[in-house]
Amino acid sequence: MPDLTIFGQGGVAFCLFWASVYAVLLAIYFGLGGALVLLNRRMAHRRIQERTRSSRVAAEIRQSVVALALISFYVAAGLYAQHLGWVLFAPQPLTVLSFVGWMLVSAVAYDTWFYWGHRAMHTRALFRFHALHHRSLTPTTWSNNSDSLVGATVEQGYFLILPLLLPVPPEVLIAHKLYDQITGMISHCGHEYAASRSARKPWPLLCTSFHDQHHSNFRCNFGNTFSIWDRLMGTVHPGYDTLVVDMEQRSATPFPAEPDRQQSSTLS
1 MPDLTIFGQG GVAFCLFWAS VYAVLLAIYF GLGGALVLLN RRMAHRRIQE RTRSSRVAAE
61 IRQSVVALAL ISFYVAAGLY AQHLGWVLFA PQPLTVLSFV GWMLVSAVAY DTWFYWGHRA
121 MHTRALFRFH ALHHRSLTPT TWSNNSDSLV GATVEQGYFL ILPLLLPVPP EVLIAHKLYD
181 QITGMISHCG HEYAASRSAR KPWPLLCTSF HDQHHSNFRC NFGNTFSIWD RLMGTVHPGY
241 DTLVVDMEQR SATPFPAEPD RQQSSTLS
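Numbering of the sequence shown is given in our numbering, commencing with residue 1 and proceeding in unit increments.
One or more of the hints may lead you astray.
Pairwise CB distance ranges (calculated) [stated by the list, open to error]:
{"#": "1", "residue 1": "Val96", "residue 2": "Arg135", "range": "29 to 39 Å"}
{"#": "2", "residue 1": "Leu88", "residue 2": "Leu38", "range": "17 to 27 Å"}
{"#": "3", "residue 1": "Arg128", "residue 2": "Gly31", "range": "28 to 38 Å"}
{"#": "4", "residue 1": "Ala175", "residue 2": "Gln249", "range": "45 to 55 Å"}
{"#": "5", "residue 1": "Gln249", "residue 2": "Leu88", "range": "18 to 28 Å"}
{"#": "6", "residue 1": "Ile6", "residue 2": "Arg51", "range": "46 to 56 Å"}
{"#": "7", "residue 1": "Ser55", "residue 2": "Leu26", "range": "43 to 53 Å"}
{"#": "8", "residue 1": "Val245", "residue 2": "Ala107", "range": "21 to 31 Å"}
{"#": "9", "residue 1": "Leu88", "residue 2": "Ile174", "range": "17 to 27 Å"}
What the hints contain is simulated information worked out from the structure, not anything from laboratory work.
For each residue, glycine too, the CB sits at the ideal point set by N, CA and C.
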């Protein structure tokens, strides 16, 4: 288990730990975001939508910085509560087997949490708390965390609740959140980098096109890691699998012959 005693004891210690988690998430947000912007300029042929890019990048970044503060609080609070023993079960010792097993359990559990929470946010009663995230029909990597605090809670509160209820090793929780942050930004970047047979029927995985279709159509593709719940509940976009095949073919060329000059002049 990570040694949290280096932060001391009490409320000040928790705030220092929270600040550390926040700093890591911000580093990923700006570091990976900048890298994806540069990569996208070289990969015009992997662009999913032809719509004009969002002009809300500055607003997306500002809101993401706020939302990430809350998200980092949930992650830090879950880990700190586990450290203090304020949980139903003590975490299991970390082994290769427990790490792999709990990562699979957490991935499935989070996808279930995310699907139903995300779908609830698209109901008439709750969409006002999620509308901010959907102001851009064409997402950018900066829009991944651009959501209201209620929306961030519904989708990311999982990382607070999980360690309170299950004996998940803290290293698994940390690894899962890092994975979630990285893949979330990739899934919003507007360019396809993960299209493959495993991202379409009959396989349960998905790729960037999955969430991109959610932004352009609103009433489909609510899942996060898998397409299982969407396929079971009939909410997968009918053209998703065909789009994946198309993106596989477009992605076969590593670099386009000519860069997308118009896109390279934007930050998205």
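**OP:** May I ask which of the numbered hints given earlier this structure violates, with the numbers listed in increasing order?
**Re:** Result: hints 1, 2, 4, 5, 7 break, sorted rising.
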